[in-house]
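Chains as they are written, first to last, in my numbering: chain A, 132 to 268; chain B, 8 to 225.
Heads up, some of the hints might be wrong.
List time: in silico BS3-like cross-link candidates among lysine-lysine, alpha-carbon distance up to 27 angstroms [claimed, not checked]:
(1) A:Lys202 x A:Lys227
(2) B:Lys98 x B:Lys57
(3) A:Lys202 x B:Lys57
(4) B:Lys98 x A:Lys227
(5) A:Lys187 x A:Lys202
(6) A:Lys187 x A:Lys227
(7) B:Lys38 x A:Lys187
Partial selection, computed: residues in chain A whose CB lies under 10 angstroms from chain B [as the list claims (entries may be wrong)]:
(8) Ala191
(9) Gly192
(10) Pro212
(11) Pro236
(12) Val250
Since the hints were derived computationally from the structure, they do not count as laboratory data. Predicted, not measured: the structure shown is a model, and the values here were computed from it. We put the beta carbon where it would ideally sit given N, CA and C, even for glycine.
Residues per chain are reported as follows:
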Amino acid sequence: MKRFVALLLCIGLAAPACATAQGPRYATAPQVPLKTAETDVLADFVAQLPLGARVKATLAGNQTIRGTLVKRTDRSLVIQPRARVAEPLVEIPFDKLMALEQETPNGSVGKAVAIGIGVGVGAALGFLALLAAFLGD
Amino acid sequence: MRRRHAVLLTGALLLTPAIGSAQDTAAPAPKAPVSRADASGSLGWLITDKSRLHPSSGYNEFDRSLYGGATFGWYWTDNLKTEIEGGFSAKSDFDVYGPAIVDGRPTTVQSLYEFSTTRVAASQYYQFYRNVWFHPYAGLGLDVAWERTDRSDEIFSSSPTRPRQDFPRETDVVVRPFTTVGFKAYFTPRAFFRTDLRLSFRGGVDETLLRIGLGVDF
Numbered sequence: 132m133k134r135f136v137a138l139l140l141c142i143g144l145a146a147p148a149c150a151t152a153q154g155p156r157y158a159t160a161p162q163v164p165l166k167t168a169e170t171d172v173l174a175d176f177v178a179q180l181p182l183g184a185r186v187k188a189t190l191a192g193n194q195t196i197r198g199t200l201v202k203r204t205d206r207s208l209v210i211q212p213r214a215r216v217a218e219p220l221v222e223i224p225f226d227k228l229m230a231l232e233q234e235t236p237n238g239s240v241g242k243a244v245a246i247g248i249g250v251g252v253g254a255a256l257g258f259l260a261l262l263a264a265f266l267g268d
Numbered sequence: 008m009r010r011r012h013a014v015l016l017t018g019a020l021l022l023t024p025a026i027g028s029a030q031d032t033a034a035p036a037p038k039a040p041v042s043r044a045d046a047s048g049s050l051g052w053l054i055t056d057k058s059r060l061h062p063s064s065g066y067n068e069f070d071r072s073l074y075g076g077a078t079f080g081w082y083w084t085d086n087l088k089t090e091i092e093g094g095f096s097a098k099s100d101f102d103v104y105g106p107a108i109v110d111g112r113p114t115t116v117q118s119l120y121e122f123s124t125t126r127v128a129a130s131q132y133y134q135f136y137r138n139v140w141f142h143p144y145a146g147l148g149l150d151v152a153w154e155r156t157d158r159s160d161e162i163f164s165s166s167p168t169r170p171r172q173d174f175p176r177e178t179d180v181v182v183r184p185f186t187t188v189g190f191k192a193y194f195t196p197r198a199f200f201r202t203d204l205r206l207s208f209r210g211g212v213d214e215t216l217l218r219i220g221l222g223v224d225f
C-alpha cells in the first residue's frame, strides 16, 4: 500500500510540469497539406451550409472544434466555438481543414437544464438520506 | 520526521506546477485557462477507521462525523489545478468496550471517545476536458489533521465499581496522503455543483470522505 501511495504521489509531482510544457492547444498548420481538389470540395460544402449551422471541424492531428458557423469566405470559414464560457471566434482556412461535418442538435437547453436540476436534486436528496442515516444512529 | 516529510512533500506539490509554468517562457505562449481560480464550500460525511483503539476486538471500528470545508483552487492550465482546503469535522461520539480487571475481578469498561478535527489539505488535480459543463476530475494530495480526542472510562456493573475516569484532552497531528475522484457540474457558466470521494491512507485506507458542495469560478 505504501508503495502504491508513493507511486501516485510521484505521478502527481511529475504530471504538472510535463503537461504545462505543451504547446498551443490548436495546431496552426496541417501535417499533410490538402490537395487543391479536396480544398475546393470542402469550400463547396461550406458554401451550401446555412449560417448558424452547428458544425464539427477537424484540423490536422485530429484536433476538432465544435461550434456554430458564423461566416464563410472563399478561403476560410469562421466558427464560434460551442463552450460553457464564450470563446473568441476561430477562423479556419480551407487548406488547414481536414474534415467538416454538420451536426444536428439532439437536445435542447430546457432538456439540459431539466437534467441538471434532476441530478442536483437527486444528489441533494442522496446527501440528506445519508445525513438522516448518520443522525439516526 | 514524518511531519518534516509531510511539509516537504506539500511544498513540492504546490511548487511543481509553478516551476512547470515558468519553463514555458521559451515555448509558444499557451492559451490562458478559461478560469484562473475557483472557490467552493462543501459539506460531507467523514468515516474514519478507529480500529487501532480496540485492536483486540478483531472488528473494524468506524467513527462517522459531519465534515465542512472551504476550498480555493488555482488553475495552472485548463486541466491542472492546485487546491488548498481548510475544514473541520464535527464532534462525534465513539464507544469502545474492553475487558479490565478492577479490584481483582474481571469486568467490562466502556471507553467513551469524542473526536473532532481541524484540517488543512493541499492537493493537485487533473480536470478532464476544457470549457464544458461537466468536468470529471482526479487528484492526490496531503491532508494534515489536528485530531482532538476526549476520553472517559466508566463501569456500569454494580460490582466491581469505579468512579468515572476522565482523561486529559489529547491533540494529535496526523498527516495522510489521499486520492480523490469526483466531478464539477456547472449550472451557470461560472457557478458549479461539485461532489467527490476522497480516500486517505495511513497503513491502509484510514478515512473516507464524501463531499458535496457549491462553488464559483473566477
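Hints, verified against the model:
{"no.": "1", "hint": "A:Lys202 x A:Lys227", "verdict": "16 angstroms, holds"}
{"no.": "2", "hint": "B:Lys98 x B:Lys57", "verdict": "15 angstroms, holds"}
{"no.": "3", "hint": "A:Lys202 x B:Lys57", "verdict": "64 angstroms, violated"}
{"no.": "4", "hint": "B:Lys98 x A:Lys227", "verdict": "62 angstroms, violated"}
{"no.": "5", "hint": "A:Lys187 x A:Lys202", "verdict": "15 angstroms, holds"}
{"no.": "6", "hint": "A:Lys187 x A:Lys227", "verdict": "14 angstroms, holds"}
{"no.": "7", "hint": "B:Lys38 x A:Lys187", "verdict": "21 angstroms, holds"}
{"no.": "8", "hint": "Ala191", "verdict": "16 angstroms, violated"}
{"no.": "9", "hint": "Gly192", "verdict": "15 angstroms, violated"}
{"no.": "10", "hint": "Pro212", "verdict": "8 angstroms, holds"}
{"no.": "11", "hint": "Pro236", "verdict": "15 angstroms, violated"}
{"no.": "12", "hint": "Val250", "verdict": "7 angstroms, holds"}
Hint violations for this structure: numbers 3, 4, 8, 9, 11, all remaining hints satisfied.
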